[in-house]
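Asks: Fit chain B to the supplied structure of chain A, relying on the hints for placement.
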Amino acid sequence: MLVIRMAWRNAWRHKRRTSIVAIAVAVGITGTLLSIALNYGMINQMIDTAIATDLGHVQVHARGYESDPELHVQIEDGARAPLAALASLPEVRGFARRVRAEGLISSPRASAGVRVVGIEPEAEARVSLIADSVLRGAYLDERGARVLLGEALARRLEVDLGDKVVLSVQDLAGDLTGDALRVEGIFRTPSSALDRGNVFVRLDRAQALFGLGDAITEVVVRADSRAAAARVRDALAARLPDLEVRSWDQREPALLYLVDLSDQSALIVYAAIFTAMAFGIANVLLMTVFERRQEIGVLTAIGFGRARLVATIAAEALVVTGLGLLAGFGGAAGVVWALRDGIDLSAFAEGLTAYGIGTRVIPLLRGQDFVAPLVVALVTAALASAWPAWRAVRLRPAEAVRQP
Amino acid sequence: MSGGVPVLEARGVTKVYETRGVETRALNGVDLAIAEGEFTALSGPSGSGKTTLLNLFGALDAPTSGTVLLDGEALAALSPAALAQRRLHKLGFVFQAYNLIPVLTARENVEFVMELQGVSAGERRGRAEELLRAVELEGLGDKRPFEMSGGQQQRVAVARAIASHPRIVLADEPTANLDSGTAGRLLALMERLNAERAVTFLFSTHDPLVMDRARRNVHLHDGRIAADETKSAA
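From first to last, the protein sequence lines stand for chains A and B.
So for the first sequence, the numbering used here puts the first residue at 2; every next one is plus one.
So for the second sequence, the numbering used here puts the first residue at 126; every next one is plus one.
Pulled out of the complex, with its shape left as it was, chain A reads as follows (with noise of 0.2 Å):
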């Protein structure tokens, strides 16, 4: 207690210089933690479109459609054993079955490869944001020959509302096949990948275009929350052991090296941030022993003993680096906080979509952010201090009382 009350006081005796090193570190933990806040944003919003738009927080497939995601790797029998599993299981807000498979479109000007989803319009309104993307036109009905594009393919294929596209399709069978549809809806998601790729009809026509009678590809299913995916995912294997049960992060794990990728040069970014700082901190802790030698040999006569004068340096390179740390926590939180409805990156539309990112980005901190520049910047001040405490341990007090 005695070592902090002097360390505060004594960071305060140069209330400029104290100023002057806790801003650099605020400033630069309220930089990286931004920086990392924005990157997380985005990171969490590729999540969320892939989970809103393709992945569902589960999918449901049959055995071995993970490593060969073909038409006669299907759930046969309408897929009646998953719903039945879905009916009762807690924490899943909506599933749906589908269709997906390879296939080529045309219009009279161009055509283009694409995936097929088939789907059924009211159940993948409740796992999917398809049916809230449909920009012009309307979303599937009843009515089975129709189609929804994403506006780049539309644009692609030089189409519009009501034009008819013909898809052409291997069946299971293997027998060249194809359909004429006439375009519903044009859709535009936060993946420009996803508009410019898929296509969506009824899953009754793409069962009968692809010669699957009741069979489906996959079953998809929301949860209520991406932290509830693993326990359904759980629950739901137990009651399908011969099925593949997979969630988000286990079909795309690329998501979650993101994650940690992010994590990773945030501590590379802390590391050089902080080892500069470690320098001004040391500087302002040598001027302090050298101004101070008196006081320290006074400290040292007066019973004093080393490992407390060491502590005291140490308390008082912590007490400018906290200062900084809390003002540049502070800080970012606020920044963090003010933008909480997201910064506008329209300007970077195209870039940002091919990522599956929106052009509203929100900042996202999590707890963890807080830890790893806390850490460091402790580590960092206890290290800067250890040249400025030796300098203080090696003063002689008889010398060091008599100089002013």
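Some hints could be false.
Claimed, not checked - Using 25 Å as the maximum straight-line C-alpha spacing, the simulated SDA-like pairs for lysine to any residue come out as follows:
| no. | chain 1 | residue 1 | chain 2 | residue 2 |
| --- | --- | --- | --- | --- |
| 1 | B | LYS268 | A | HIS15 |
| 2 | B | LYS268 | A | GLU296 |
| 3 | B | LYS268 | A | LEU3 |
| 4 | A | LYS16 | B | PHE271 |
| 5 | B | LYS215 | A | ALA308 |
| 6 | B | LYS268 | B | ALA301 |
| 7 | B | LYS215 | A | VAL311 |
| 8 | B | LYS215 | A | ALA399 |
| 9 | B | LYS268 | A | ARG6 |
| 10 | B | LYS215 | A | LEU3 |
| 11 | B | LYS356 | B | PRO333 |
| 12 | A | LYS16 | B | VAL228 |
| 13 | B | LYS268 | A | VAL394 |
| 14 | B | LYS268 | A | GLU292 |
| 15 | B | LYS268 | A | ALA308 |
| 16 | B | LYS215 | A | ARG397 |
| 17 | A | LYS16 | B | PRO270 |
| 18 | A | LYS16 | B | ARG310 |
| 19 | A | LYS16 | B | PRO227 |
| 20 | B | LYS215 | A | ARG309 |
| 21 | B | LYS215 | A | GLU296 |
| 22 | A | LYS16 | B | ALA187 |
| 23 | B | LYS268 | B | ARG310 |
| 24 | B | LYS215 | A | ARG307 |
| 25 | A | LYS16 | B | GLU272 |
| 26 | B | LYS215 | A | VAL394 |
| 27 | B | LYS268 | A | TRP13 |
| 28 | B | LYS215 | A | GLY306 |
| 29 | B | LYS268 | A | THR19 |
| 30 | B | LYS268 | B | PRO333 |
| 31 | B | LYS215 | B | ALA187 |
| 32 | B | LYS215 | A | VAL4 |
| 33 | B | LYS268 | A | ARG294 |
| 34 | A | LYS16 | B | ARG269 |
| 35 | B | LYS268 | A | VAL4 |
| 36 | A | LYS16 | B | LYS356 |
| 37 | B | LYS215 | A | GLU292 |
| 38 | B | LYS215 | A | ARG395 |
Derived by calculation from the structure, the hints in this document are not laboratory data.
Replies: Leaving out everything else, chain B in the frame of chain A:
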């Protein structure tokens, strides 16, 4: 030399400083014992070795040869940590430039040594108040050193020096920065503490006033004791 149990004792102490190959003999075979209850002045011209001897007695420096004993214990045999403990528990210091800790109030300065000794907060507070009263600084406990006069600061320094119940207070030129009136009052205070609380004082001084009030005068010259006189009780 006076009788009684020696608190501090120098036996054949020599101290040689070496600067850039040049040796300076600050003390040369000094034998001196300070007994409990003494009020002793160590005088002599500049360079006579007063401060050096005080530093050796204060365990702030080590002799080149000879032995310094504190309560019969040879200081040379002790580790830096043990020396710090001896200074904390057995020695009190008063410096020429007061040397209070500027970030602490007068009361906190007095409490400081007790806090290092592990005395409880309540007891520290009570003792500090009592000591500030004893040095006639009642009501000034919350002042910081820069808010006090030189004489007041030196009285706080005396209170701090005796707060730990030391075996002896070593005072290095305690009146050098004070006017004669303030110096006289400070000496009177220390005399009273010596008489009423049996605090042992050893001063290094140039000040004739201190030498006049001291009951024992040890005069150093060229690193040797030139005279050692004890006044007879009045």
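Asks: Each hint should be assessed against the structure and marked as holding or not.
Replies: Tested hints:
no. : hint                 : in the structure
1   : B:LYS268 to A:HIS15  : holds, 19 Å
2   : B:LYS268 to A:GLU296 : holds, 18 Å
3   : B:LYS268 to A:LEU3   : holds, 18 Å
4   : A:LYS16 to B:PHE271  : holds, 17 Å
5   : B:LYS215 to A:ALA308 : holds, 20 Å
6   : B:LYS268 to B:ALA301 : holds, 23 Å
7   : B:LYS215 to A:VAL311 : holds, 23 Å
8   : B:LYS215 to A:ALA399 : holds, 17 Å
9   : B:LYS268 to A:ARG6   : holds, 17 Å
10  : B:LYS215 to A:LEU3   : holds, 21 Å
11  : B:LYS356 to B:PRO333 : holds, 15 Å
12  : A:LYS16 to B:VAL228  : holds, 13 Å
13  : B:LYS268 to A:VAL394 : violated, 29 Å
14  : B:LYS268 to A:GLU292 : holds, 23 Å
15  : B:LYS268 to A:ALA308 : violated, 29 Å
16  : B:LYS215 to A:ARG397 : holds, 20 Å
17  : A:LYS16 to B:PRO270  : holds, 19 Å
18  : A:LYS16 to B:ARG310  : violated, 37 Å
19  : A:LYS16 to B:PRO227  : holds, 15 Å
20  : B:LYS215 to A:ARG309 : holds, 19 Å
21  : B:LYS215 to A:GLU296 : holds, 20 Å
22  : A:LYS16 to B:ALA187  : violated, 39 Å
23  : B:LYS268 to B:ARG310 : holds, 20 Å
24  : B:LYS215 to A:ARG307 : holds, 18 Å
25  : A:LYS16 to B:GLU272  : holds, 19 Å
26  : B:LYS215 to A:VAL394 : holds, 22 Å
27  : B:LYS268 to A:TRP13  : holds, 17 Å
28  : B:LYS215 to A:GLY306 : holds, 15 Å
29  : B:LYS268 to A:THR19  : holds, 24 Å
30  : B:LYS268 to B:PRO333 : violated, 32 Å
31  : B:LYS215 to B:ALA187 : holds, 17 Å
32  : B:LYS215 to A:VAL4   : holds, 22 Å
33  : B:LYS268 to A:ARG294 : holds, 23 Å
34  : A:LYS16 to B:ARG269  : holds, 17 Å
35  : B:LYS268 to A:VAL4   : holds, 20 Å
36  : A:LYS16 to B:LYS356  : violated, 53 Å
37  : B:LYS215 to A:GLU292 : violated, 29 Å
38  : B:LYS215 to A:ARG395 : holds, 23 Å
Checked against the numbered hints above, the structure breaks hints 13, 15, 18, 22, 30, 36 and 37 and satisfies the rest.
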